[in-house]
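**Q** Keeping their order, the protein sequence lines are chains G and W.
Each residue of the first sequence is one higher than the one before, counting from 491 in the numbering used here.
Each residue of the second sequence is one higher than the one before, counting from 484 in the numbering used here.
To be clear, the hints were calculated from the coordinates, so they are not data collected in a lab.
All C-beta atoms, glycine included, are put in the ideal place defined by N, C-alpha and C.
Warning: the hint list may mix true and false statements.
As the list claims (entries may be wrong) - Distance ranges between label pairs, derived from CB positions:
#: 1; chain 1: G; residue 1: 696; chain 2: W; residue 2: 490; range: 29 to 35 Å
#: 2; chain 1: G; residue 1: 659; chain 2: W; residue 2: 533; range: 27 to 33 Å
#: 3; chain 1: W; residue 1: 507; chain 2: G; residue 2: 668; range: 40 to 46 Å
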Amino acid sequence: MARTVIPFGPQHPVLPEPIHLSLVLEDEKVVEALPTLGYVHRGLEMLAVKRDYNQMIQIVERVCGICSMIHSLCYCQGIEEMLGIEAPRRARMLRVVWSELHRLHSHLLWLGLFADSFGFESLFMQLWKIRERVMDLNEATTGNRVIVSVNVVGGVRTDLDEAQVRWIKDTLVEVEASIRSLQSTIMNDTTVCKRTKGVGVLTKQAAYDLGAAGPMLRGSGVAQDMRQLKYAGFDELAFEPVVETAGDCWARSTVRFRESLQSIDLVRQALDKLAPGDLAVKVKGKPEGEVITRVEQPRGECLYYLKGNGSTFLERVRIRTPTFANIPPLAAILPGLDFADVPVVVLSIDPCISCTER
Amino acid sequence: MSIDATTIAPANLLAEASKLKNDGYRFVTLTSVELDETNMEILYHFDKNLTLKNLRVPVQKGGTLPSISGLLFGAFLVENEIRDQYALTFDGLVLDYQGKLYSETAQTAASSPFCKYHVKAEPDSKTGSEPGIQQEGK
Numbered sequence: 491m492a493r494t495v496i497p498f499g500p501q502h503p504v505l506p507e508p509i510h511l512s513l514v515l516e517d518e519k520v521v522e523a524l525p526t527l528g529y530v531h532r533g534l535e536m537l538a539v540k541r542d543y544n545q546m547i548q549i550v551e552r553v554c555g556i557c558s559m560i561h562s563l564c565y566c567q568g569i570e571e572m573l574g575i576e577a578p579r580r581a582r583m584l585r586v587v588w589s590e591l592h593r594l595h596s597h598l599l600w601l602g603l604f605a606d607s608f609g610f611e612s613l614f615m616q617l618w619k620i621r622e623r624v625m626d627l628n629e630a631t632t633g634n635r636v637i638v639s640v641n642v643v644g645g646v647r648t649d650l651d652e653a654q655v656r657w658i659k660d661t662l663v664e665v666e667a668s669i670r671s672l673q674s675t676i677m678n679d680t681t682v683c684k685r686t687k688g689v690g691v692l693t694k695q696a697a698y699d700l701g702a703a704g705p706m707l708r709g710s711g712v713a714q715d716m717r718q719l720k721y722a723g724f725d726e727l728a729f730e731p732v733v734e735t736a737g738d739c740w741a742r743s744t745v746r747f748r749e750s751l752q753s754i755d756l757v758r759q760a761l762d763k764l765a766p767g768d769l770a771v772k773v774k775g776k777p778e779g780e781v782i783t784r785v786e787q788p789r790g791e792c793l794y795y796l797k798g799n800g801s802t803f804l805e806r807v808r809i810r811t812p813t814f815a816n817i818p819p820l821a822a823i824l825p826g827l828d829f830a831d832v833p834v835v836v837l838s839i840d841p842c843i844s845c846t847e848r
Numbered sequence: 484m485s486i487d488a489t490t491i492a493p494a495n496l497l498a499e500a501s502k503l504k505n506d507g508y509r510f511v512t513l514t515s516v517e518l519d520e521t522n523m524e525i526l527y528h529f530d531k532n533l534t535l536k537n538l539r540v541p542v543q544k545g546g547t548l549p550s551i552s553g554l555l556f557g558a559f560l561v562e563n564e565i566r567d568q569y570a571l572t573f574d575g576l577v578l579d580y581q582g583k584l585y586s587e588t589a590q591t592a593a594s595s596p597f598c599k600y601h602v603k604a605e606p607d608s609k610t611g612s613e614p615g616i617q618q619e620g621k
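So that you can see chain G by itself, here it is in the shape it has in the complex (with noise of 0.2 Å):
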């Protein structure tokens, strides 16, 4: 049978940012298929040599608007190991906050972008809308919607009072009901399974072989999340990966869902265990050495490694991204689908191309 090459983006409805796949048909079978990067490049480790390790804070928050506030957190992490400080109790709690925060906002994102998708609007939006409360809790406690800009080297640069506290918690009561009122739809709906279950199965052996990250790779049976690594203020909460074995696109979407429920919980937890104390910690000399930081972020486990020379310059920052890690699995499972599926599949890694093009 010849074979057709049909080119899959850079620009596609499905895709808020261009990644391109080349995907080699067999009638309307996927045989191949090679992805090609490069439209959006920044080289911003390379800006590590030009900017002082405290500027870099803004620019590592640029990696991606999505998590940015779990990438600074990342590397703030990092350079306190190097500088011998840790973060004070309250701000690793402060952190906590915003970075579930973060994660719930980008999974009720995703949530909606893959039911768009498969042609489910209205479930799309209801979710874009529930997905605005959580922005208002970020533009009101941090004065920006996305890049929140909250970490600095040592600790936070904000903190919550007793009136903000008890707003988040509220709006989180309403934000949970109204994400279980859609429990139902986006787990068992008709359109949802057809389009959703048994469509591009990763095996647990073959996720963990791949290196797999995140939701991709708790979705195929992989108990692995960074928080179990008790970052932040993650040692004092009660915290299990979220798991589903069927490996498909709905145990990827279904991780993500039940996610964004632990998240809030999460939140509850942190603001519960806010005490009276300081922000930041005084920062003294500069970062020297290396070292090798690790956090979750909302797509998976991300990982920065640094390089100081005792200068305000780092020598190297080198940022291992999510979605980085799941590109290969998705290249290993896009054979053998149905052109038609391909859409929905690329989607359910979550694929956040700002990150991967950092």
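Using the hints provided, position chain W relative to the given structure of chain G.
**A** Only chain W this time, still in chain G's reference frame:
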């Protein structure tokens, strides 16, 4: 402060990576680090039960390392990225973009965009300047 990493020779890389895979380690990524005018090192990161195992592999600029993508398919993307940014080549890449993962033009040791120092491999035919190391101004 330095990370816990085992330094190995490039010739032993495939055997070490294979051993780690067989021991249940998950591939995480590679990190390229420029050391000086002529030397680099590549860090190979593996994870098992949330604990990282790092291999440190020294390599000369413009040099070649064996690709581990045949063993760990997930490595093909980062190996291609390092080829683009640091002009290191990887022998046996299962999906080889020939230095064109990000750019339409393949990089050479003399033009590797992420290197602070560039290796000038051949004398310039117009100016007749000698081969050697060029430091790029920051």
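**Q** Confirm or reject each hint.
**A** Each hint tested on the structure:
1. G:696 x W:490: 29 to 35 Å: About 31 Å separates the Cβ atoms of residue 696 of chain G and residue 490 of chain W, which means 29 to 35 Å holds.
2. G:659 x W:533: 27 to 33 Å: Taking Cβ atoms as reference, residue 659 of chain G and residue 533 of chain W lie about 31 Å apart, which means the hint holds.
3. W:507 x G:668: 40 to 46 Å: holds, 41 Å
Of the numbered hints listed earlier, not one is contradicted by the structure.
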